[in-house]
Amino acid sequence: MARLITPVFFLGVGIVYLILTSDLTRSRVGDPNGPLYFPLLIGAVLVLFSIIYFVQEWRQRDEKFEELKVLFTGRAPFLIVSTLVLIFVYTSLFERIGFLISTIIFLTGLLFVVNGRKPWIKNILIAVIFSFISWYSFSELLNVSLP
Amino acid sequence: MGVVVQSFIEGLTTALQPMNLLWVLIGGFLGTVVGMLPGLGPATAVAVLIPITFGMDPTSALVLMAAIYYGAMYGGSRSSILLNTPGDGSAIAATFDGYPMAQKGQAGQALTISAIASLIGGTVAIIGFILLAKPLASFALNFGPAEYFLLLVFTLSAIVSLSRGNMVKGFISMSVGLLLSTVGIDLQTGVHRFTFDIPQLSEGIDFLVVIIGIYAVGEVLYNLIGIDQIKKEKNKVGKKGISREQWNQSKWPILRQSPIGFLIGVLPGAGGSIAAMLSYTTEQQVSKHPEKFGKGAIEGLAAPESSNNAASVGSFIPLLTMGIPGSGTTAVILGALIMLGLQPGPLLFENNPETVWTLVNSMFIGNLFLVIINILIIGLLVKILDTPPKILYPMILVLAFIGTYTLSYSIIDFYILVIFGLIGVMMKLLNFPIAPLILAVIVGSDMEQNFRKSIVSYDNIFNVLFASPITITLLIMTILSICYPFIVGWIQKRKA
Numbered sequence: 001m002a003r004l005i006t007p008v009f010f011l012g013v014g015i016v017y018l019i020l021t022s023d024l025t026r027s028r029v030g031d032p033n034g035p036l037y038f039p040l041l042i043g044a045v046l047v048l049f050s051i052i053y054f055v056q057e058w059r060q061r062d063e064k065f066e067e068l069k070v071l072f073t074g075r076a077p078f079l080i081v082s083t084l085v086l087i088f089v090y091t092s093l094f095e096r097i098g099f100l101i102s103t104i105i106f107l108t109g110l111l112f113v114v115n116g117r118k119p120w121i122k123n124i125l126i127a128v129i130f131s132f133i134s135w136y137s138f139s140e141l142l143n144v145s146l147p
Numbered sequence: 001m002g003v004v005v006q007s008f009i010e011g012l013t014t015a016l017q018p019m020n021l022l023w024v025l026i027g028g029f030l031g032t033v034v035g036m037l038p039g040l041g042p043a044t045a046v047a048v049l050i051p052i053t054f055g056m057d058p059t060s061a062l063v064l065m066a067a068i069y070y071g072a073m074y075g076g077s078r079s080s081i082l083l084n085t086p087g088d089g090s091a092i093a094a095t096f097d098g099y100p101m102a103q104k105g106q107a108g109q110a111l112t113i114s115a116i117a118s119l120i121g122g123t124v125a126i127i128g129f130i131l132l133a134k135p136l137a138s139f140a141l142n143f144g145p146a147e148y149f150l151l152l153v154f155t156l157s158a159i160v161s162l163s164r165g166n167m168v169k170g171f172i173s174m175s176v177g178l179l180l181s182t183v184g185i186d187l188q189t190g191v192h193r194f195t196f197d198i199p200q201l202s203e204g205i206d207f208l209v210v211i212i213g214i215y216a217v218g219e220v221l222y223n224l225i226g227i228d229q230i231k232k233e234k235n236k237v238g239k240k241g242i243s244r245e246q247w248n249q250s251k252w253p254i255l256r257q258s259p260i261g262f263l264i265g266v267l268p269g270a271g272g273s274i275a276a277m278l279s280y281t282t283e284q285q286v287s288k289h290p291e292k293f294g295k296g297a298i299e300g301l302a303a304p305e306s307s308n309n310a311a312s313v314g315s316f317i318p319l320l321t322m323g324i325p326g327s328g329t330t331a332v333i334l335g336a337l338i339m340l341g342l343q344p345g346p347l348l349f350e351n352n353p354e355t356v357w358t359l360v361n362s363m364f365i366g367n368l369f370l371v372i373i374n375i376l377i378i379g380l381l382v383k384i385l386d387t388p389p390k391i392l393y394p395m396i397l398v399l400a401f402i403g404t405y406t407l408s409y410s411i412i413d414f415y416i417l418v419i420f421g422l423i424g425v426m427m428k429l430l431n432f433p434i435a436p437l438i439l440a441v442i443v444g445s446d447m448e449q450n451f452r453k454s455i456v457s458y459d460n461i462f463n464v465l466f467a468s469p470i471t472i473t474l475l476i477m478t479i480l481s482i483c484y485p486f487i488v489g490w491i492q493k494r495k496a
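If you're matching them up, the sequences are chains A and B in order.
The numbers in our numbering rise by one with no breaks, and the one at position 35 of the first sequence is 35.
The numbers in our numbering rise by one with no breaks, and the one at position 275 of the second sequence is 275.
If you are wondering where the hints come from, they were derived from the structure by calculation, not from laboratory data.
The model shown is predicted, which means the values in this text are computed figures rather than measured ones.
Please note that a few of the clues may not be correct.
Stated by the list, open to error - Restricting the straight-line Cα-Cα distance to at most 25 angstroms, the calculated cross-link-like pairs of lysine to aspartate or glutamate (DMTMM-like) are:
id, chain 1, residue 1, chain 2, residue 2
1, B, Lys428, A, Glu140
2, B, Lys428, A, Glu57
3, B, Lys428, A, Asp23
4, B, Lys390, B, Asp228
Stated by the list, open to error - Chain B regions said to be covered by chain A (calculated; three or more residues, Cβ under 8 angstroms):
id, segment
5, 57-67
6, 176-187
7, 222-228
8, 274-287
9, 428-435
Said to hold, decoys possible - Selected chain B positions facing chain A (Cβ under 10 angstroms, derived; list incomplete):
id, residue
10, Ile52
11, Leu83
12, Ala140
13, Phe143
14, Pro145
15, Met167
16, Val191
17, Arg193
18, Ile198
19, Gly238
20, Lys239
21, Ile242
22, Tyr393
Each residue gets a CB set at the ideal place from its N, CA and C atoms; glycine is no exception.
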């Protein structure tokens, strides 16, 4: 039955979207309903295809549903969670301590997670060199301002 | 014709400027490197390298992005041939005979023929571009809002019905993209829509963040999940020279499939995947030895490689003449061009002819350069990138963050980026095609404006659909494109 979650989710998105559309402020210029037409059309298309999708999945409800299994096999859960945590740390450090140092920390962490602890010298070297090159090429050569 | 020749020469001069030559080299090289990574294709390569174009003049940016695009196409063939892991749809057909060739110890020859086939495909398509682009742009000048609206409807339905996987999921993916495009202040009336009083949302969701999120962060995260399963490639490239016999087997398939690939590329929505598949199957059907296909037949590699490269050049025609991207990658390029202030469309040929002709010439130069890279130093590249994915994927993630930050200098976008990255991963896992969403996010607002303008001129939707011979033709094409998978299924059932 897990396979029915996605179609129900999209059906929900479609219905909520249609309700939000009907609640939109009416326009004071031109056709008062002008801003509504296109969203109504999209909402209707989304609801229609979500229903078809639901019916398709309902017919296969007894078959095994393994599309999401990879998320829970091997190192995958560890990789996903640690990457998200690192991204969160990176985001909170980025403007505070600047691009260069935060990127070195982020990339070193990520390389340790992905590439393993064994090649640690390589990981750190790559992180430092890559961060420096990207900082130099963006802020010095391409004049993009980075914190 | 004289004007065209003059513009062509002007374009050639601009393309040969040292700076533009350098961008072609850099773009081609970086595209090749990203494209070589298993699981990453041209759309990701362009998305991740968008920040390099910031601050560039639009012509150079276009030259660079095109170079990244076909660089990634060349690079992608390598992971198809050596690892049996295509980066995107258009590289799938290259695995059918490319990988068996590599298993037979002919990897070097497979890479050589793929580079030569791509060069010929690209060159034929560039000639086609020169002949077709200007007339098509003049034709597109006749398009009013109703015609544009239906053209966009056709493009979206074509990309849905032709993208891999299930059509219903494609339409859902498209609707979600259109839905995202309606967030923000309505351009015509100033009404706030779906902003939930969050100030950052009043300008809408930046489509470049969506693109980088789904194509760069999403694809990288998806590949990180399976990182331990990536096979380590064998480093033996083997002999690179191809024999006279191999050339004789390949030359006609290449020459036949290049123009076909080009024409398929010109159709909005079709693109490289369809071109490559179609070339493969037609060559198999006309071959005297169809049983050799799938077992390392060189013509089975040459045909799709020439046509997908031709299609990638062809896909620039709807992009530049009508402002309609025909594929995920050209959608990404369109997004970046709009941000740089260049609006592709029929007027581009009137107002900025040098941009178009510079691109054409640089494409030719870039293809030549890539053949040299891919034949002469491929062995070296293979060695340099010996254990690339585990190191390169994290670097790509960093580039995605730099790109996003430079769009608006706001950390909030990082969260949006990650959300779309996760959406991208889920879509990949659940087999939702991504291109319809990307395309819809980019053209959504344009589509709505044209829709509303045409409703005002023609009163109701039915009058819009039947407004002119062009709209009626586009309506018929839309219906055909939706029915196409059913027709194909019916024919296959009858055959079986």
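Structure-based check of each hint:
| no. | hint | result |
| --- | --- | --- |
| 1 | B:Lys428 with A:Glu140 | violated, 37 angstroms |
| 2 | B:Lys428 with A:Glu57 | holds, 17 angstroms |
| 3 | B:Lys428 with A:Asp23 | violated, 33 angstroms |
| 4 | B:Lys390 with B:Asp228 | holds, 9 angstroms |
| 5 | 57-67 | violated (count 0) |
| 6 | 176-187 | holds (count 5) |
| 7 | 222-228 | holds (count 5) |
| 8 | 274-287 | violated (count 0) |
| 9 | 428-435 | holds (count 3) |
| 10 | Ile52 | holds, 7 angstroms |
| 11 | Leu83 | violated, 18 angstroms |
| 12 | Ala140 | violated, 23 angstroms |
| 13 | Phe143 | violated, 19 angstroms |
| 14 | Pro145 | violated, 13 angstroms |
| 15 | Met167 | holds, 9 angstroms |
| 16 | Val191 | holds, 5 angstroms |
| 17 | Arg193 | holds, 6 angstroms |
| 18 | Ile198 | violated, 14 angstroms |
| 19 | Gly238 | violated, 29 angstroms |
| 20 | Lys239 | violated, 33 angstroms |
| 21 | Ile242 | violated, 37 angstroms |
| 22 | Tyr393 | holds, 7 angstroms |
The structure fails hints 1, 3, 5, 8, 11, 12, 13, 14, 18, 19, 20, 21 (numbered hints given earlier, in ascending order).
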